[in-house]
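Peer 1: The residues making up each chain are set out below.
2 protein chains.
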Amino acid sequence: MIDAEFKNKYKEYKKDVEDFINSTLIVSTLPQKNIYESQTYSLSNGGKRLRPVLALAVCEALKGKKEYVLPFAVAIEKIHTYSLVHDDLPAMDNDDYRRGRLSTHKVYGEAMAILTGDALLNSAFETMSECCVKYLQDCPHMLQAMSYIARAAGSEGMIGGQVIDIESEGMGVIPYELLKKMHSCKTGALIKASVISSAMICNPNKNVMCALDDYSDALGLAFQIKDDLLDVEGEFDKLGKTIGKDSENNKPTYVSLFGIEKARELLIQATSIAINSVKIPEINSEFLIYLAKYLQERNK
Amino acid sequence: MIDAEFKNKYKEYKKDVEDFINSTLIVSTLPQKNIYESQTYSLSNGGKRLRPVLALAVCEALKGKKEYVLPFAVAIEKIHTYSLVHDDLPAMDNDDYRRGRLSTHKVYGEAMAILTGDALLNSAFETMSECCVKYLQDCPHMLQAMSYIARAAGSEGMIGGQVIDIESEGMGVIPYELLKKMHSCKTGALIKASVISSAMICNPNKNVMCALDDYSDALGLAFQIKDDLLDVEGEFDKLGKTIGKDSENNKPTYVSLFGIEKARELLIQATSIAINSVKIPEINSEFLIYLAKYLQERNK
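Line by line, the protein sequences give chains A and B. Following our numbering from start to finish, the first sequence increments by one per residue and tops out at 337. Following our numbering from start to finish, the second sequence increments by one per residue and tops out at 337.
Among the hints, erroneous ones may be present.
Identical chains share a label here; the pair holds if one copy fits it or two copies do between them.
[Claimed, not checked] Straight-line distance between alpha carbons at most 30 Å, and here's what the computed DSSO-like set of lysine-lysine pairs gives:
#1 70 / 288
#2 143 / 51
#3 299 / 316
#4 288 / 52
By construction, these hints were calculated from the structure, which means they are not laboratory data.
Working from the sequences, and respecting the hints, build out all of it.
Peer 2: Right, here's the structure in full:
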């Protein structure tokens with residue numbers, strides 16, 4: 038696989054995701070139409086769509102059925118988006134910008150931003166449970182995938198990580214174990230769920246599941262370390278969000294704990310673990326390997 | 038059924054619900070333990086537990102299996118509770134009290150209250166999807182019940198109603214159709230989902246489903262009219278929340294639109310429709326009838 042092939046493939050997955058998102062967004066004449074507009078605004082944010090792309094890539098790597106995985110991939114993107122909308126609220130991170138655009142509460146007001154987040158989370162489960170009803174006869178594993186995603190998004194997963202994050206803000210340095218736990222919950226859990234839920238739907242053998250488990254753990258870690266590095270080394274134009282916000286808020290990060298050099302080393306190490314994990318014959322792993330490299334090199 | 042029998046039965050259902058809630062609340066030593074504490078606080082609020090009681094009562098009226106319905110009943114209570122936690126936030130209704138106790142954001146702070154609501158909503162779907170995985174072989178209808186609840190809680194249901202509510206605040210008088218839509222979404226949808234999801238799990242004939250559909254529509258309406266009346270006529274000690282808040286906020290209600298007398302008439306009418314709907318031989322409807330009367334007479 039060469040660079041152009043990877044980029045085309047990524048674009049293709051991204052288009053699948055965005056077409057599906059657009060198909061689920063209702064242009065409403067109802068009195069509550071603003072809740073659809075604000076969800077559309079929040080979802081149409083020009084992000085990488087990493088999580089759903091990962092889910093689709095795993096599906097193809099395992100020769101699974103795209104029509105089964107796509108609704109779950111989009112549900113995960115909705116969960117991710119709701120967490121950003123709530124995260125940006127004044128009572129949380131108080132961020133006016135997200136990917137270079139005004140954040141949802143700056144456009145629709147705080148009350149609507151709270152409801153928009155709620156609606157996105159709820160809608161993720163509407164999508165998944167409808168899909169389970171539709172395909173259950175042919176693919177009962179979907180139900181396990183939904184249950185896995187629900188857990189990954191909850192108090193043992195993403196929300197748990199956000200709680201640790203909020204409570205450790207201003208502490209500057211926290212124990213490494215706690216930092217690791219925070220990130221594996223806050224960012225890692227949903228990235229992992231993108232890989233694992235897709236794999237569950239495709240239902241491969243145990244060996245493959247273990248390989249993807251290792252891949253997703255390492256990838257999630259690498260992603261977070263890179264995020265911390267970008268907060269120090271990135272450029273506003275590319276990131277579309279305020280730089281240096283972590284250190285300004287005295288937020289514990291891999292960089293604040295280990296320094297830039299060591300954080301870079303850890304990133305390379307985690308990426309390499311991810312890549313080696315999926316090098317097994319049962320997985321058509323070319324894209325997944327390239328993706329890990331791409332995430333290591335990204336500038337946004 | 039006499040008054041004491043009804044009250045005992047209500048207590049019994051309530052105890053089932055609260056025991057189940059307590060069994061799902063983790064006493065955690067994890068770094069994110071506060072998210073469990075704040076969920077426990079929000080859920081242990083001494084409310085009526087109307088929605089889960091309704092679900093259990095419908096289950097018994099149809100001779101269904103309690104162990105199947107209970108997790109869904111509790112999931113609905115969690116969804117209801119999350120909506121109250123978010124509703125009380127400063128950016129929303131800005132209410133410091135809920136049922137005579139400090140609201141969640143006053144105890145745990147705004148950021149944690151936002152996350153607590155998110156966690157409760159998410160946890161409702163964790164509970165339901167786990168339950169579906171467990172019982173799917175024996176009761177595939179559960180999946181439809183979850184899908185119904187998801188829709189009732191979302192932008193076409195409860196959240197949609199909240200949006201109309203927020204957008205019409207300060208307008209004083211709104212068209213009757215809009216008021217009806219707002220309430221049928223905001224309050225009605227989840228009350229209806231308590232009845233219908235439980236019935237779906239019990240899988241009765243179409244005749245019964247239609248009867249329960251009518252019952253839940255009328256009951257939801259009666260419940261809201263009574264709420265509006267209590268906001269004018271109630272006592273803080275009993276309600277545990279500020280009285281006269283609706284008119285203070287110039288919020289459209291059945292009372293502001295029709296006056297007290299006419300609102301009382303509408304309440305009696307809706308209650309009577311509810312009662313007559315379930316008087317069919319296939320439904321063991323004694324408790325459901327008593328419940329409608331009790332809701333009409335309640336003082337909190």
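Peer 1: Would you mind marking each hint as holding or not holding in the structure?
Peer 2: Hints and how they fare:
With identical chains, the CA atoms of residue 70 and residue 288 are at most 30 Å apart between copies only, with a shortest distance of 20 Å across copies and 38 Å within one. For a Cα distance limit of 30 Å, the shortest separation of residue 143 from residue 51 inside one copy, 27 Å, qualifies, whereas the shortest one across copies, 42 Å, does not. Taking the shortest alpha-carbon separations for residue 299 and residue 316, only the intra-copy value of 26 Å comes in at or below 30 Å, while the best inter-copy value is 73 Å. For a Cα distance limit of 30 Å, the shortest separation of residue 288 from residue 52 qualifies neither inside one copy, at 35 Å, nor across copies, at 44 Å.
When the structure is compared with the earlier hints, a violation turns up for hint 4 alone.
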